[in-house]
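Asker: Each chain is listed here by its residues.
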Amino acid sequence: MTTVLDRSKAHSESDVQQWLRMYRQMLMIRLFEEQVNDLYTRALMPGLAHLYTGQEAVAVGICEALRLDDYITSTHRGHGHCLAKGAQLGAMFAELLGKEAGYCKGKGGSMHIADPDTGNLGANAIVGGSAGIATGAAFSAKRLNTGQVAVCFFGDGAMGQGLLYEVMNMAALWTLPVIYVCENNLYNEYTHNSETLAGDMLTRAVGFGVPGERIDGQEVRKVYATAKTMVARVRAGAGPAFLVCDTYRFHGHHVGDINREYYRSKQEEQQWKTERDPVKLMLDWLTTEKVANRAQLDQIQNEVKAEVEKAVQFAMAAPYPAVDRVAQDVYA
Amino acid sequence: MPALEMAQETGKIVSWLKKEGDAINKGAPLLEVETDKAVVEVEATADGVLAGVKSHEGDVVPVGVTIAWIVAPGEKPPADSPAAAPAARKVTEQPPQAASMPAPISVESSARREGGPQISPKARRLAKEKGVDINRIKGTGPDGTITGEDVLAAAAAPAAAAPSARAPSVLSGIARLMAERTTQSWTQVPHFVLTREIDVAALQQAREKLGPAIERDRGVKITVTDLLVALAAQVLKKHPKMNASWGANGIQLNPQINISVAMAVTDAVVGAVIPNADAAALADIAVQRRNLTERARSSRLKPADVTGGTFTISNLGMYKIDSFNAIIAPPQAAILAVGRIADRVVAVNGRPAVRPMMTLTLSSDHRVVDGAQAALFLNDLAEAIRAPEL
Amino acid sequence: MTLGEAVREALAEEMRRDSRVFICGEDIAEAGTVFKVLTGLVDEFGKERVLDTPISEAGFTGIAVGAAMTGMRPVVDIMFGDFSTLVMDQMVNQAAKVRYMSGGKCKVPMVMRATLGASRRSAAQHSQSLHAWFAHIPGLKVVLPSTPYDAKGLMKTAIRDDNPVVFFEDKMMYKLKGPVPAEDYTIPFGVADIKRVGTDITIIATSSMVQVALDAAKMLEEFDISAEVIDPRTVWPLDEKTLIESAKKTSRVIVVDEGYERYGVTAEIASVIAEGAFFSLEAPVKRIGAMHVPIPFSPPLEDATIPTERQVFGAAKALCG
Chain A
1 MTTVLDRSKA
11 HSESDVQQWL
21 RMYRQMLMIR
31 LFEEQVNDLY
41 TRALMPGLAH
51 LYTGQEAVAV
61 GICEALRLDD
71 YITSTHRGHG
81 HCLAKGAQLG
91 AMFAELLGKE
101 AGYCKGKGGS
111 MHIADPDTGN
121 LGANAIVGGS
131 AGIATGAAFS
141 AKRLNTGQVA
151 VCFFGDGAMG
161 QGLLYEVMNM
171 AALWTLPVIY
181 VCENNLYNEY
191 THNSETLAGD
201 MLTRAVGFGV
211 PGERIDGQEV
221 RKVYATAKTM
231 VARVRAGAGP
241 AFLVCDTYRF
251 HGHHVGDINR
261 EYYRSKQEEQ
271 QWKTERDPVK
281 LMLDWLTTEK
291 VANRAQLDQI
301 QNEVKAEVEK
311 AVQFAMAAPY
321 PAVDRVAQDV
331 YA
Chain U
1 MPALEMAQET
11 GKIVSWLKKE
21 GDAINKGAPL
31 LEVETDKAVV
41 EVEATADGVL
51 AGVKSHEGDV
61 VPVGVTIAWI
71 VAPGEKPPAD
81 SPAAAPAARK
91 VTEQPPQAAS
101 MPAPISVESS
111 ARREGGPQIS
121 PKARRLAKEK
131 GVDINRIKGT
141 GPDGTITGED
151 VLAAAAAPAA
161 AAPSARAPSV
171 LSGIARLMAE
181 RTTQSWTQVP
191 HFVLTREIDV
201 AALQQAREKL
211 GPAIERDRGV
221 KITVTDLLVA
231 LAAQVLKKHP
241 KMNASWGANG
251 IQLNPQINIS
261 VAMAVTDAVV
271 GAVIPNADAA
281 ALADIAVQRR
291 NLTERARSSR
301 LKPADVTGGT
311 FTISNLGMYK
321 IDSFNAIIAP
331 PQAAILAVGR
341 IADRVVAVNG
351 RPAVRPMMTL
361 TLSSDHRVVD
371 GAQAALFLND
381 LAEAIRAPEL
Chain F
1 MTLGEAVREA
11 LAEEMRRDSR
21 VFICGEDIAE
31 AGTVFKVLTG
41 LVDEFGKERV
51 LDTPISEAGF
61 TGIAVGAAMT
71 GMRPVVDIMF
81 GDFSTLVMDQ
91 MVNQAAKVRY
101 MSGGKCKVPM
111 VMRATLGASR
121 RSAAQHSQSL
131 HAWFAHIPGL
141 KVVLPSTPYD
151 AKGLMKTAIR
161 DDNPVVFFED
171 KMMYKLKGPV
181 PAEDYTIPFG
191 VADIKRVGTD
201 ITIIATSSMV
211 QVALDAAKML
221 EEFDISAEVI
231 DPRTVWPLDE
241 KTLIESAKKT
251 SRVIVVDEGY
261 ERYGVTAEIA
271 SVIAEGAFFS
281 LEAPVKRIGA
291 MHVPIPFSPP
301 LEDATIPTER
311 QVFGAAKALC
321 G
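Chains as they are written, first to last, in our numbering: chain A, 1 to 332; chain U, 1 to 390; chain F, 1 to 321.
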């Protein structure tokens with residue numbers, strides 16, 4: 001008993017606050033996506049829903065290392081990035097439901113949430129499509145000497161896109177403050193990346209002179225620690241970096257992707273869910289390390305749950321945009 | 001502009017018989033309108049005061065367009081509205097009916113109206129706005145397309161040309177109709193022509209015998225034409241196919257014998273009709289013929305005067321013509337061309353003699369009658385002329 | 001001043017006025033582009049603002065989109081308009097849509113410069129005029145200058161515009177001379193210019209075809225046909241009002257554009273005229289564009305694919321009857 005308390009005392013107050021914040025963020029993403037799944041399957045949400053569940057530690061760990069004004073670009077599986085960078089639950093849900101109160105006034109939807117106030121330059125539904133934008137944002141940061149960095153999130157599928165290598169080359173040539181984060185969840189939609197990726201992912205970047213690292217993307221503290229070092233180096237002017245986070249999407253490619261046996265086994269999924277769940281891993285660690293007691297963790301759980309439910313209620317009640325708004329926002 | 005006859009699209013105002021502000025009685029003559037076939041008096045349709053006269057003498061106005069208002073005393077005519085000018089009525093092509101009138105328009109012109117001439121969108125709009133009948137415009141654009149300028153020229157033409165000579169293409173519907181109908185007849189009716197020289201001494205005697213009494217009683221001098229109308233009508237009773245019509249369903253026998261007499265009007269010829277000539281007395285025929293002639297000379301023929309003929313007689317004797325071939329007026333089956341009466345040396349009982357002779361030339365529609373049938377008719381007519389029973 | 005010099009002057013003046021403006025593209029710095037349009041700019045503004053890029057059109061266009069979203073005002077140089085194919089995702093799916101997808105929160109103030117036009121014997125991959133592709137996409141503006149004056153004024157407007165603007169220059173017209181005032185001026189988008197007043201027929205022409213239309217108008221003059229030549233200058237936004245008014249005045253319209261005739265700019269403008277001036281037309285609206293073949297190399301073949309003044313003249317005469 002005393003040893004546990006001793007270990008607890010070994011953590012600084014600020015560390016504790018940060019860990020609990022990261023746990024809370026991951027939990028928020030998890031519960032958010034559970035609500036999305038529910039809304040979608042109840043036919044309340046139009047379009048497509050690509051759930052981030054299982055990958056929470058990547059977005060949270062990296063965004064924890066960023067300033068509010070640092071840039072990110074996101075993907076079709078982007079809810080986690082947006083929330084981790086600071087998006088509000090209500091406006092997120094509202095956007096997913098196509099409501100006027102959404103981040104994009106209902107014009108973007110699940111795959112296009114942008115929130116410049118939190119540095120989010122937008123989720124992108126073209127695989128690898130935001131690599132140019134993120135690199136351009138880094139270009140601005142360098143030219144305008146703002147000290148900002150840009151993080152480009154993409155999946156292992158984007159490793160097949162030429163644009164990524166074009167901009168990585170230029171980012172290296174011009175020493176731009178950009179970090180390319182590959183969330184390697186093993187599947188390009190419905191195809192394992194052993195069928196799509198030749199050679200080694202990291203050495204592709206190394207070829208451009210871009211330093212790369214590959215880490216366990218399920219350990220949020222590990223992701224954060226790596227990102228922290230990397231961001232500092234990039235912010236200091238060392239040029240771009242490449243980070244591969246090994247992770248796993250717990251659901252299908254999208255909510256409707258139910259029958260997945262032909263590309264991955266239930267056993268594999270079960271193993272990831274029981275042994276490599278980032279939220280559970282963090283919760284276990286917090287408990288084991290006595291960073292927080294059960295009551296504190298339950299309180300976080302209840303608070304997040306209430307926030308998410310309240311946000312869903314808000315979004316459900318929010319009005320759709322008036323049809324006459326359809327032609328607005330095409331041109332400045 | 002009232003529609004006075006079938007297939008009429010426009011009417012030309014010949015003269016107003018009342019002035020703006022005049023009191024009008026329903027049924028009283030209000031104005032004279034020239035149609036394709038005739039000049040017609042239009043009667044007032046209501047009591048009131050003539051007001052807002054928009055169309056003037058010489059104007060060609062589409063049917064249905066307001067030309068003036070009859071208002072109550074003190075009332076003002078409604079404000080001008082272009083919507084009051086509908087397009088000319090659409091002509092539906094119908095086969096000529098045996099008992100009715102000759103085909104009002106030629107096949108050629110029907111086709112043009114049905115498919116419409118090639119006309120630019122601008123010209124079509126202007127024609128509607130200006131009330132110009134596009135069928136009367138000859139296009140000057142590529143491939144004969146009617147252009148906006150053509151329409152404007154047509155719209156300006158009546159007003160500009162009013163004091164001077166009439167522009168035939170615009171002003172004389174009768175001339176245009178004659179051109180269309182003779183062309184149609186000449187190109188589509190299989191004409192064949194029979195000629196017969198006839199001794200008319202007996203006819204002249206009959207005229208001398210009957211003339212004075214009729215002139216005294218009815219105030220009309222009988223003419224050779226009158227005699228021929230009467231005789232032809234009688235002979236036609238025995239030759240119904242000569243009195244038939246060619247129509248969509250083939251030969252149609254006509255229940256009445258209505259003899260058209262070709263008469264010159266200002267710049268055309270029309271067939272003025274003497275209806276039921278077979279049942280009419282010679283005196284009645286003469287009176288009718290005289291009235292028609294007078295109306296034709298003063299351009300006052302009514303539509304009814306020129307419709308319904310079943311057989312035509314055209315006499316150019318007064319122009320010293322010996323003989324001529326006439327063009328059939330469809331759907332009639334035949335036309336009799338009458339030459340002058342002149343003294344000729346002919347053989348009488350094997351010896352030369354001087355006799356008053358006349359040449360009759362019968363043009364017939366071979367679809368209706370054949371040569372023998374027409375020859376029998378002409379022979380019977382010749383016999384009737386040689387021994388008139390009047 | 002030549003058209004090429006006018007473009008350069010506009011860029012230089014805007015770069016002096018606004019430090020956020022920069023140019024990027026292939027061989028633009030010391031080389032000054034293959035057409036030497038940008039010669040000398042690097043000397044004044046340095047290699048950071050006149051930025052030579054790798055041969056990665058999609059990549060540097062994408063970077064420009066991101067830079068534009070985050071405070072810069074990039075001008076992207078696409079050497080040949082044919083290479084538009086390489087940047088289409090960045091221009092069409094990214095630049096054009098960012099503002100709308102974000103509900104108006106993001107903007108993309110960038111210019112993509114490209115060349116168009118055949119008759120340099122450059123064959124099928126260096127001779128096309130593909131501006132219609134961009135005009136088809138909501139969110140983009142498409143500019144086609146035909147004189148040095150227009151080129152300068154429109155380029156300045158393009159750089160100052162907060163939307164992605166695609167600016168096509170006819171590579172055969174870089175040497176075209178014309179008056180350009182010394183003072184600062186801009187030309188608003190969506191305002192057509194009547195290059196020649198006429199009464200009998202309207203020839204709507206873009207970019208390279210404006211000179212062709214003017215030459216045809218001179219030939220028509222000898223036949224007493226008075227041709228009005230109008231240059232829309234921007235095909236989107238399009239000054240429909242001026243085009244329709246002219247069509248109503250003359251009643252006959254030819255649209256000439258060097259892009260492919262099928263599904264092209266000529267087709268669009270012809271539709272605008274047909275919808276807006278139908279009841280004033282004396283004749284069908286005539287389209288004249290590039291022949292529907294890949295641009296051939298052999299000179300007599302290439303010449304057969306591109307509209308000429310003789311062709312425009314012939315069409316105009318036929319329409320006027």
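To be clear, the hints were calculated from the coordinates, so they are not data collected in a lab.
Be aware that a few hints might be false.
Cross-link-like lysine to aspartate or glutamate pairs, in silico, EDC-like; alpha carbons within 20 Å at most [said to hold, decoys possible]:
hint	chain 1	residue 1	chain 2	residue 2
1	F	Lys105	A	Asp329
2	F	Lys248	U	Asp217
3	F	Lys249	U	Glu129
4	A	Lys266	A	Glu289
5	F	Lys317	U	Asp143
6	F	Lys107	A	Asp69
7	F	Lys107	A	Asp329
Chain F is faced by these chain A residues, among others (derived, beta-carbon under 8 Å) [said to hold, decoys possible]:
hint	residue
8	Leu39
9	Ala43
10	Asn169
11	Glu307
C-beta atoms are modelled at their ideal positions from N, C-alpha and C, and glycine is treated no differently.
Asker: Does each hint hold? Answer for all of them.
Answerer: Here is how each hint holds up against the structure:
Proximity of F/Lys105 to A/Asp329 is assessed by CA-CA distance (about 9 Å); at most 20 Å being required, the pair is judged to hold. In summary, the hint linking F/Lys248 to U/Asp217 is not supported, as the alpha carbons are separated by about 71 Å, beyond the 20 Å threshold. Our distance criterion of 20 Å between C-alpha atoms is met by F/Lys249 and U/Glu129, whose separation comes to about 17 Å. A hinted pair counts as satisfied when its Cα atoms are at most 20 Å apart, and A/Lys266 with A/Glu289 does not qualify at roughly 32 Å.
Simply put, F/Lys317 and U/Asp143 have alpha-carbon atoms about 13 Å apart, close enough for the 20 Å limit, and the pair holds. Of the supplied pair hints, the one linking F/Lys107 and A/Asp69 holds, its CA atoms being roughly 17 Å apart against a limit of 20 Å. For the suggested pair F/Lys107 and A/Asp329, the alpha carbons sit about 10 Å apart, so the restraint of at most 20 Å is met. Hint status for A/Leu39 relative to chain F: violated, with the closest Cβ pair at about 20 Å, above 8 Å.
Taking 8 Å as the C-beta cut-off, the interface hint given for A/Ala43 is violated, the closest approach to chain F being about 24 Å. Hint on A/Asn169 holds. Least Cβ distance to chain F is approximately 6 Å, under the 8 Å limit. Because the beta carbon of A/Glu307 sits about 23 Å from the nearest beta carbon in chain F, more than 8 Å, this interface hint is broken.
Comparing the model with each numbered hint stated earlier shows that hints 2, 4, 8, 9, 11 do not hold.
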